[in-house]
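Novice: Required output: the full structure, derived from the provided sequences and hints.
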Amino acid sequence: MPDNQLGEFLRARRAALSPEAAALPSHGRRRVSGLRREEVAFLARMSADYYTRLEQGRERRPSPQLLDALARALRLEPDARTHLHQLAGTTLPGPPAPVDRRQISPFLRQMLDGYTAAPALVINGTLDVLAANALAQALYAPFTPADNLARMVFLDPAAQHFHTRWADTAEAVAAHLRHTEGLAPDSEPLRHLVRELTARSAHFAHLWTTHTVRGKTSATKHFHHPEAGPLTFAYQAFDVCASPGLQLVVYQPSSTRAWATTRPERL
Numbered sequence: 006m007p008d009n010q011l012g013e014f015l016r017a018r019r020a021a022l023s024p025e026a027a028a029l030p031s032h033g034r035r036r037v038s039g040l041r042r043e044e045v046a047f048l049a050r051m052s053a054d055y056y057t058r059l060e061q062g063r064e065r066r067p068s069p070q071l072l073d074a075l076a077r078a079l080r081l082e083p084d085a086r087t088h089l090h091q092l093a094g095t096t097l098p099g100p101p102a103p104v105d106r107r108q109i110s111p112f113l114r115q116m117l118d119g120y121t122a123a124p125a126l127v128i129n130g131t132l133d134v135l136a137a138n139a140l141a142q143a144l145y146a147p148f149t150p151a152d153n154l155a156r157m158v159f160l161d162p163a164a165q166h167f168h169t170r171w172a173d174t175a176e177a178v179a180a181h182l183r184h185t186e187g188l189a190p191d192s193e194p195l196r197h198l199v200r201e202l203t204a205r206s207a208h209f210a211h212l213w214t215t216h217t218v219r220g221k222t223s224a225t226k227h228f229h230h231p232e233a234g235p236l237t238f239a240y241q242a243f244d245v246c247a248s249p250g251l252q253l254v255v256y257q258p259s260s261t262r263a264w265a266t267t268r269p270e271r272l
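Going by our numbering, the first residue of the sequence shown is number 6, and it counts up by one from there.
To be clear, the hints were calculated from the coordinates, so they are not data collected in a lab.
Please note that the accuracy of each hint is not assured.
What the hints assert, rightly or not - Okay, the calculated beta carbon distance ranges per label pair:
#1 Ala26 with Thr225: 43 to 51 Å
#2 Cys246 with Glu193: 34 to 42 Å
#3 Glu25 with Thr57: 18 to 26 Å
#4 Met116 with Asp54: 25 to 33 Å
#5 Thr214 with Asp173: 35 to 43 Å
#6 Glu25 with Phe112: 24 to 32 Å
#7 Ala26 with Arg200: 27 to 35 Å
#8 Ala122 with Pro150: 23 to 31 Å
#9 Phe243 with Thr214: 29 to 37 Å
#10 Ala26 with Thr149: 38 to 46 Å
#11 Pro30 with Gln70: 23 to 31 Å
A quick note: this is a predicted structure, and the numbers were derived from the prediction, not measured.
Every residue, glycine too, gets a C-beta built ideally from N, C-alpha and C.
Specialist: What follows is the structure in structure tokens.
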């Protein structure tokens, strides 16, 4: 991982924020994408010189109050704000969750298998699929193998037909991995995954440079299954308290009537 992750994050988020979105006037031709350093400094109520030192890695210990001011200036969402604090080392000390955990408890496995109403799976921070119930296995049957959501989205040829809003899905996956990086910057499995995706997918390589950060919580997914046809699910991700670093993801069909015609025989 780069030595100046805080500076890279600030530059990327500054480049992604337009003057209009920041409620700043935009006059004349701009030589940079997004906001200028001076504009971020103005919005955060700090000197331009201090902000420049932050981006260049010459100032590495900003206060939590200053980071919150930068988060407001850059319009960061909650996950990205937390990530900013983590990069600066201002989060509360404590052992990090093992984001690359590979094992699940027999009870969680039993509970997953017993849930037959909708697809459900257990993932870790690097998006490895550690377990899936029968409906989730059927849902992701077009992928070979269906063992890591990130590899499936960026490297499997089935992905762009299966995910009818593939660009949105790709952005969400990259943002999730950035979120995981903030939780465990020294994770070797994450580093390996990022290197692999960067080398094999130009689209992932581009998304990784934007430093968009967003954890997996809830959203709507749109699929086109080769046997069941178009499917829409609202998913919810739950942290597994007994196994920190794992999440249980449950897909809820948007239409009970449509779901009844596809499961489980045709899906």
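Novice: Any of the earlier hints contradicted here, and which numbers?
Specialist: Violated: hints 1, 2, 4, 5 and 6.
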